[in-house]
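Q: Sequence:
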Amino acid sequence: MDTLAFVFPGQGSQALNMLSAFSETPIVQQTFREASAVLDFDLWQLCQKGPEEKLNQTEFTQPALLTSSIALWRLWQEQQLPQPTYLAGHSLGEYSALVCANSLDFIDAVKLVQKRGQFMQQAVQKGQGAMAAIIGLDDALIESICADNRDNDVLAPANFNSPGQVVIAGDKVAVERACTACSEQGARKVVMLKVSVPSHCDLMKIAAEKLAEEIAQLTIKTPSISVINNVAYKIEQEPSAISAALVAQLYQPVQWVQTVTQLAKYNVSLAIECGPGKVLSGLNKRIVKTIKGYSLATQDSFNQAADAVTEEN
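Residue numbers (numbering that gives the first Met the number 0): 0 to 312.
Think of the hints as simulated: they come from the structure by calculation, not from any bench. One or more of the hints may lead you astray.
[To be verified] Taking lysine-lysine pairs in the DSBU-like style, the calculated list, with each CA pair at most 35 angstroms apart, reads:
(1) K220 <-> K264
(2) K110 <-> K291
(3) K209 <-> K125
(4) K204 <-> K264
Based on the sequences and whatever the hints tell you, model everything.
A: Rendered as structure tokens:
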């Protein structure tokens, strides 16, 4: 029997018309209605019709992605398909994982991630921060370049996404200096990302403090399924440790390479991406080639994943 994991995407996986194939699927629509009721706007309408600029604003992106992931998870449960042994989420996706593990209430999570997005946006003035993807350089070299180009600004690796792909974040001027240095050091590609906030760096510490206050008011339970967190790529059982990891995650780097490597150490051979798109499936394949990846983003891919998992188990 193959060991199954579910992984949940973060920001960057959103797109207009995401999950449009499930517009007539009752459990999916019910999930979006539940979220819309506490957000005071029609979340499904935003995901299908936009405007795209609004969908890409972090306070709207985060509840949209979380709700999409939970809708697909509920559909998987409704069809009584094989259950994962492990869960993990990339950045925002960690919240989706905790909801699916019955550690965090869905409605609490919807409200929390919207506030998380608002706190992140408020923490940095427009145009102050930036993020850039560096492709084709060693992790240690990128860390060294960040240290050398920090000066008095914030600058650090933010996402270790796959071997040879690291995202850096911080003050825009520092990120630009580092991008130039990375290019000079032979980076295959350097791309400034279209993001509204620089996540997973010290510019988010103020947002993290506000987030900690919100999380402290919620009930977090021991997960019913093991969740590997982003910061220490560990499985935490204590609610206090889970809360602390969520707060730290906001200003510390996403250790996705280590997370997927950890899944492999737990003998995971199948990883289902539960959310829009298939970004994580691509990253996972570059990290551990022995883990087969499937996506649930469309009806065809959902059926393909269901068939594959049923056959393997």
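Q: All hints are to be evaluated individually against the structure, with a verdict given for each.
A: Consistency of the hints with the structure:
Of the pairs offered as hints, the one joining K220 and K264 holds, with about 26 angstroms between alpha carbons and a cut-off of 35 angstroms not exceeded. Between K110 and K291 the alpha-carbon distance is near 33 angstroms, which keeps this suggested pair within the 35 angstroms criterion. Taken as a hint, the K209 and K125 pair is honoured in the structure, with Cα atoms around 19 angstroms apart against an allowance of 35 angstroms. Straight-line distance between C-alpha atoms of K204 and K264 comes to about 32 angstroms, which keeps the hinted pair within the 35 angstroms bound.
Violated hints: none; the structure is consistent with every hint.
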